[in-house]
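*Asks:* The residues making up each chain are set out below.
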Amino acid sequence: MSVLVYTESEQGNLKKSALEVASYAKAVADQLGTTVSAIAINASNTDILGNYGVDKILNVQNTALDSFNANAYAAVLKHAAEKEASQIIVVSSSTDSKYLAPLLAVGLNAGYASNVVATPTSTNPFTVKRNAFTNKAFEITQINTEVKILGVSNNAFGLVETSGNTSAEDFSPSIPESNITVESVDKASDKVTIADAEIVVSAGRGLKGPENWGMIEELADVLGAATACSKPVSDLGWRPHGEHVGQTGKPVASNLYIAIGISGAIQHLAGVSASKVKVVINTDPEAPFFKAADYGVVGDAFQVVPELIEKLKAFKTQQ
Amino acid sequence: MKILVCISHVPDTTSKINFTEGDTKFDTNGVQFVINPNDEFGLTRAMWFKEKQGANVTVINVGGADTEPTLRKALAIGADAAIRVNMAPTDGFSVAKQLANVITDGGYDLVIAGRESIDYNGGMVPGMIAGLTDANFVNNCIGLEIDGTNAKVTREIDGGKETVSTSLPLVIGGQKGLVEESDLRIPNMRGIMMARKKPLTVVEPTSTDAETSSISFEKPAPKGAVTLVSADNLDELVNLLHNEAKVI
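Chain order of the listed sequences is P and E.
For the first sequence, position 291 (counting from the first letter as 1) is numbered 291 according to this note's numbering, and the numbering increases by one without interruption.
For the second sequence, position 173 (counting from the first letter as 1) is numbered 173 according to this note's numbering, and the numbering increases by one without interruption.
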């Protein structure tokens with residue numbers, strides 16, 4: 001009956017989002033008066049999950065799962081849910097979790113709500129609040145099935161530390177053959193991803209050309225941030241598609257979003273509005289982004305950004 | 001190769017989002033509906049397979065008669081035939097079940113759906129139809145090549161991309177990158193005229209229970225006014241971000 005949470009890892013290390021979904025699962029379990037079981041695949045040091053409310057950890061170690069495979073991973077989660085007799089399964093909003101969740105839903109005949117932003121508003125009937133219309137609205141969704149899958153929106157719940165006892169056991173479910181083989185992976189390992197970033201530094205057409213992104217990358221470096229861009233910038237080929245954030249690009253739900261030379265088209269604002277604090281730097285005081293931002297600087301990015309980098313460097317050395 | 005492209009009928013990206021009937025229904029008043037952008041990238045890629053590899057392309061939508069102009073637009077862009085499952089789409093799972101029935105009956109080799117619709121953002125239909133029809137599935141697809149029954153698919157991952165090899169039957173969840181924005185097609189007059197003569201078949205749904213139900217909607221709380229900081233006083237911005245917002 002326990003709430004099952006899928007705690008993702010990256011090269012053996014649990015991701016920060018794993019701690020967030022564990023915290024969320026704990027809150028749901030408290031609401032229902034039950035416990036939390038976590039499933040981790042090829043992760044080490046999973047004991048830390050005990051600090052986030054997990055009572056029992058199922059550790060799967062299998063080299064056949066070294067590359068992510070949605071079918072195989074969904075099968076592992078299905079076996080774990082059946083073993084724990086879980087009626088609620090919690091996953092994150094990572095690309096991989098959003099890939100496997102619909103397959104798991106079919107496997108368990110479970111209703112699935114994605115982009116969930118808070119603990120259930122009611123447990124009987126079971127209703128959750130989720131983002132819809134690309135952050136322009138919230139939807140209250142009722143899940144009617146016995147087994148339910150909740151995809152928690154990144155950064156919506158946060159980390160909640162608790163103390164408690166946790167136990168760990170090895171779990172070796174059977175894994176189906178797959179017709180999908182990974183041929184190559186192209187990933188910058190030294191860069192923070194937009195999905196995992198606490199801070200995102202984003203720039204738009206106001207930068208005038210791709211040759212001017214050096215200062216954006218430097219600002220991101222100083223802050224430990226990911227870099228992003230507006231739609232026109234990716235359409236013009238100044239920056240890769242993977243950096244495009246907004247309604248038809250990636251969603252952003254960071255703690256701090258800094259928009260430089262981005263006017264703030266409605267589609268862009270929708271895609272980034274889940275970020276907690278937004279800063280805009282733009283020469284045009286009439287730019288729509290000023291209406292959506294918490295802090296604004298009216299000024300030329302080519303003067304403001306280098307100066308801001310110096311100020312932040314000084315601030316960081318003081319810390 | 002038989003391709004089915006799933007088309008969601010969604011509000012244009014610039015639409016103001018409002019609700020009616022006590023915040024339980026989306027207010028369509030004054031809203032322009034379009035082909036879901038993620039689906040349009042997939043439809044355009046399907047046109048490439050039609051023109052270069054002789055594929056036959058059908059488009060499908062689960063919706064009421066009011067969604068037919070969106071299907072006609074897809075026909076005007078170049079799809080060969082359209083199917084509408086005559087049902088108000090209530091939740092992703094029941095839509096996926098309707099689509100899976102049509103896919104199984106029609107024997108499609110490749111199903112292209114957008115990774116999510118821009119209205120409800122469920123992001124579940126492509127994966128569910130793959131699960132229900134026992135097809136291979138690649139989500140967040142940004143590149144697709146088909147050679148015989150073999151497929152080479154590139155998908156976006158957090159922080160990069162990954163290329164996989166797989167085979168038909170295949171379902172993909174597509175997005176921008178599958179084709180470039182500049183490759184998208186605007187229907188021309190000849191396409192619009194031809195679309196009127198192409199078959200649009202209406203099929204009735206098989207009854208299914210809704211796994212999830214939409215209860216109500218709310219809009220985010222209005223935003224407070226922006227705090228402006230002078231460009232000559234960036235120390236103040238650093239101070240506010242550290243002491244007030246507590247984000248650095």
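Since the hints were made in silico from the structure, they are not lab data.
None of the values given here were measured: they were computed from a predicted structure.
Every residue gets a Cβ at the ideal spot worked out from N, C-alpha and C, and that includes glycine.
Among the hints, a few may not be true.
As the list claims (entries may be wrong) - Not everything, but these chain E residues come out facing chain P in the computed CB check (under 8 angstroms):
no., residue
1, T14
2, M124
3, L184
What the hints assert, rightly or not - So the derived label-pair ranges between C-beta atoms look like this:
no., chain 1, residue 1, chain 2, residue 2, range
4, P, D190, E, E204, 37 to 45 angstroms
5, E, E204, P, E161, 47 to 55 angstroms
6, E, G148, P, V182, 14 to 22 angstroms
7, E, E218, P, D66, 23 to 31 angstroms
8, P, T34, E, N56, 37 to 45 angstroms
9, E, N188, P, A85, 56 to 64 angstroms
*Asks:* For the range 56 to 64 angstroms, tell me whether the beta carbons of E/N188 and P/A85 fit it or not.
*Replies:* Once the Cβ atoms are compared, 58 angstroms apart, the range 56 to 64 angstroms for P/A85 and E/N188 holds.
*Asks:* Hint says 23 to 31 angstroms; check whether the CB-CB distance for E/E218 and P/D66 agrees.
*Replies:* violated, 43 angstroms
*Asks:* Measuring from beta carbon to beta carbon, are E/E204 and P/E161 in 47 to 55 angstroms?
*Replies:* holds, 54 angstroms
*Asks:* For the restraint on E/L184, tell me whether the closest CB of chain P is nearer than 8 angstroms.
*Replies:* violated, 11 angstroms
*Asks:* Would the hint on E/M124 stand, with a C-beta cut-off of 8 angstroms toward chain P?
*Replies:* holds, 4 angstroms
*Asks:* Lying within 14 to 22 angstroms: is that true of the beta-carbon distance E/G148 to P/V182?
*Replies:* holds, 21 angstroms
*Asks:* Could you check if E/T14 really has its C-beta closer than 8 angstroms to a C-beta on chain P?
*Replies:* holds, 6 angstroms
*Asks:* Given a hinted range of 37 to 45 angstroms, is it respected by the beta-carbon distance of P/T34 and E/N56?
*Replies:* violated, 51 angstroms
*Asks:* Could you see if the CB distance from P/D190 to E/E204 stays within 37 to 45 angstroms?
*Replies:* violated, 55 angstroms
Figure legend: structure checked against the earlier numbered hints; hints not met, in rising order: 3, 4, 7, 8.
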